[in-house]
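**Student:** So the protein sequences, as listed, match chains A and B.
Residue numbering for the first sequence is 9 to 362, as defined by this note's numbering.
Residue numbering for the second sequence is 9 to 362, as defined by this note's numbering.
One or more hints might be untrue.
To be verified - Label pairs and their calculated CB-CB ranges:
#: 1; chain 1: A; residue 1: Pro325; chain 2: B; residue 2: Gly192; range: 32 to 42 Å
#: 2; chain 1: A; residue 1: Glu137; chain 2: B; residue 2: Gly201; range: 51 to 61 Å
#: 3; chain 1: A; residue 1: Ser203; chain 2: B; residue 2: Ala32; range: 52 to 62 Å
#: 4; chain 1: B; residue 1: Met59; chain 2: A; residue 2: Val329; range: 17 to 27 Å
#: 5; chain 1: A; residue 1: Ala293; chain 2: B; residue 2: Met59; range: 33 to 43 Å
#: 6; chain 1: A; residue 1: Arg79; chain 2: B; residue 2: Ile202; range: 47 to 57 Å
#: 7; chain 1: B; residue 1: Pro273; chain 2: A; residue 2: Asp305; range: 24 to 34 Å
#: 8; chain 1: B; residue 1: Ala212; chain 2: A; residue 2: Ala293; range: 33 to 43 Å
As the list claims (entries may be wrong) - A few chain A residues that don't get close to chain B, going by computed Cβ distances all over 10 Å:
#: 9; residue: Ala31
#: 10; residue: Gly139
#: 11; residue: Ser149
#: 12; residue: Ala159
#: 13; residue: Glu200
#: 14; residue: Lys347
These are computed hints drawn from the structure, not numbers from a lab.
Being a predicted model, the structure only gives us computed values, none of them experimental.
The beta carbon of each residue, even a glycine, is placed where N, CA and C say it ideally should be.
Number of protein chains: 2
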Amino acid sequence: MATPLPTHRAQIELILSAWGFSAAATAATADVLAWADLHGIDSHGISMLTMYDDWRRAGRLDPRAEPRILRQSPVSALVDGGGGLGHWPGRFAMQTAIDKAAGIGMAAVAVRNSAHYGACGYYALMAAERGLIGITTTTTSGARVAPTRAAEAKLGTDPWCFAAPGAPGQPFLLDMATTTVAFGKIRNKANEGISCPPGWLLDAQGQPSTDANDAVSRGGFLTPLGGTPEGSSHKGYGLAAMVNILAACLSGATVTPHPAHGKSPGGMGIGHFFLALDPGLFREAADFRAEVAAFCDLLRAATPADPAQPVLVAGDPERAVAACRGRAGITIAAGLGEKLRAIAAASGAPWLLD
Amino acid sequence: MATPLPTHRAQIELILSAWGFSAAATAATADVLAWADLHGIDSHGISMLTMYDDWRRAGRLDPRAEPRILRQSPVSALVDGGGGLGHWPGRFAMQTAIDKAAGIGMAAVAVRNSAHYGACGYYALMAAERGLIGITTTTTSGARVAPTRAAEAKLGTDPWCFAAPGAPGQPFLLDMATTTVAFGKIRNKANEGISCPPGWLLDAQGQPSTDANDAVSRGGFLTPLGGTPEGSSHKGYGLAAMVNILAACLSGATVTPHPAHGKSPGGMGIGHFFLALDPGLFREAADFRAEVAAFCDLLRAATPADPAQPVLVAGDPERAVAACRGRAGITIAAGLGEKLRAIAAASGAPWLLD
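Work out the full structure: start from the sequences and follow the hints.
**Tutor:** Rendered as structure tokens:
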């Protein structure tokens, strides 16, 4: 059954509250997860509660954590996430970058001692909605990606996100893992028993494979964007390394290939990076937005190879889903619904999603 | 015959001087082109003089152009390139960003009314050599790349470059076109009469092809990084769009798909973007550099799929070539040498490369 967004969000809040998360952490986390579900980014929405439940039970997420500024300047801040989930520190950090950029024109904020912060797009969009360019990136908790030439996982999906204000309600919003595809896409192929397209994965020896099971259960790896050395996977690999430098080396979080990454007893050791930049530093802000809007329209106007599949711009697909789900509500798959119902019951949270 | 770097650079200077370029433009351009040749980026070195000669003869490059700051703040500047080559404006802009970042911690500079500025890596490295993170990106003069789903070129190779200081003399340096491969790689396959790997190009109908001639002479297109929709070419496409937003929409240069792009009578209409960020805003700068160095070493230590091909980090291959060419000198292919000799003769420049 489809649930209206406010009810969906309330369910997330009820579970987080029942877990003992502070009111501020609960509100921020529910906002970010519900935003992801509304926009069709189901991998980063309410489904994450199943992972968060595992992590908090393992003592790896402090429900009372509060983000705290350790160091700042007119153009920067370093934030300690306090060892809880990343959504509140993430929103706090991007808001700090936005507030500083509103004064001086640009600012960067690094966060350490954090955890999963959900969909990157939420944070970059905060900047775009204030008329700023927004950038965010984060490390991830597990190494699943083999660098080009390697037969060993050293990197995560290491996403990169860039947003710019354009036509009203239509910001440019690029939110991409630096891998060829997400692990979930490969797992789905394994579940269906069908092959993956070339370039998606490597087997345990670091050789290209199209058998999803090689990555799912036989010790293989995800590939960096580009897929193979001939497809320029060194570029996706380079972007993932850039992500680690920005999100971990700047903040003091551990980089993904570090032996201690994800092994600190009280937290997940994730780092994030946020940047806000005011186009008004360079030209009239309205002219910039008009230029971005016109640019996006020029791209959308490209002759499509298949007339049934028009050319889109980053952010378009998610906005289309959000418009639909805003009207029709959000539906959860039956299997996920059962898991979440059990989680709610175990924590004493009311169940709203019937 | 291999030529020592100083002689190679002097040859570039002699030709630019003979063309009437100002002393400052000549020095900056020669530095950037010679740096590219030293580092094995032959596509962006002295070979570019053949293109620059075409453009200046067509009245599209003003040899007396000077970069000029139109607008600035403590964290930013907007620079007019003056309608000449991009190397002097590029170096001037990155130096401006570095100088401002040295004071306040970070700065961004946008450049418009510029042209080809050579290898991006030169500029990002300027920041890394001063202990800063450096970012640069630029629009390009021609549309050769079809957005995902399109059968029409709307974007250029739109490179992205990121540098960070690490071990002494070993900065992380990612300099990548946002396409799967450069056009030159496809042209080489056509010249050799062999097929391209899947994902490199599309035919004129926007369908994947492995026939290099489809892109070289039959109206086809380069692909964004990812190669195909299944390989996530929307990510490379999104990065190329991001590049246009940063390099053109911020500076006021025309975006690549704009009908007027590259058609203004007195210049090339290229835009660049530069950013410098001081890691010392967040932590001790020496700790950051040590962290980047350790991270790069962890990546290099990854088990290789083929023991004969160790895992590299962005910047390693170019440094290896530079070490070799620094000792042995720089060799120009015979065909290019003949073209350059004719260009030198036509302009009255002495010829040093015999």
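**Student:** Decide, hint by hint, whether the structure agrees.
**Tutor:** Evaluation of the provided hints:
no.	hint	verdict
1	A:Pro325 x B:Gly192: 32 to 42 Å	holds, 33 Å
2	A:Glu137 x B:Gly201: 51 to 61 Å	holds, 53 Å
3	A:Ser203 x B:Ala32: 52 to 62 Å	holds, 58 Å
4	B:Met59 x A:Val329: 17 to 27 Å	violated, 45 Å
5	A:Ala293 x B:Met59: 33 to 43 Å	holds, 36 Å
6	A:Arg79 x B:Ile202: 47 to 57 Å	holds, 56 Å
7	B:Pro273 x A:Asp305: 24 to 34 Å	holds, 26 Å
8	B:Ala212 x A:Ala293: 33 to 43 Å	holds, 40 Å
9	Ala31	holds, 29 Å
10	Gly139	holds, 13 Å
11	Ser149	holds, 17 Å
12	Ala159	violated, 4 Å
13	Glu200	holds, 15 Å
14	Lys347	holds, 29 Å
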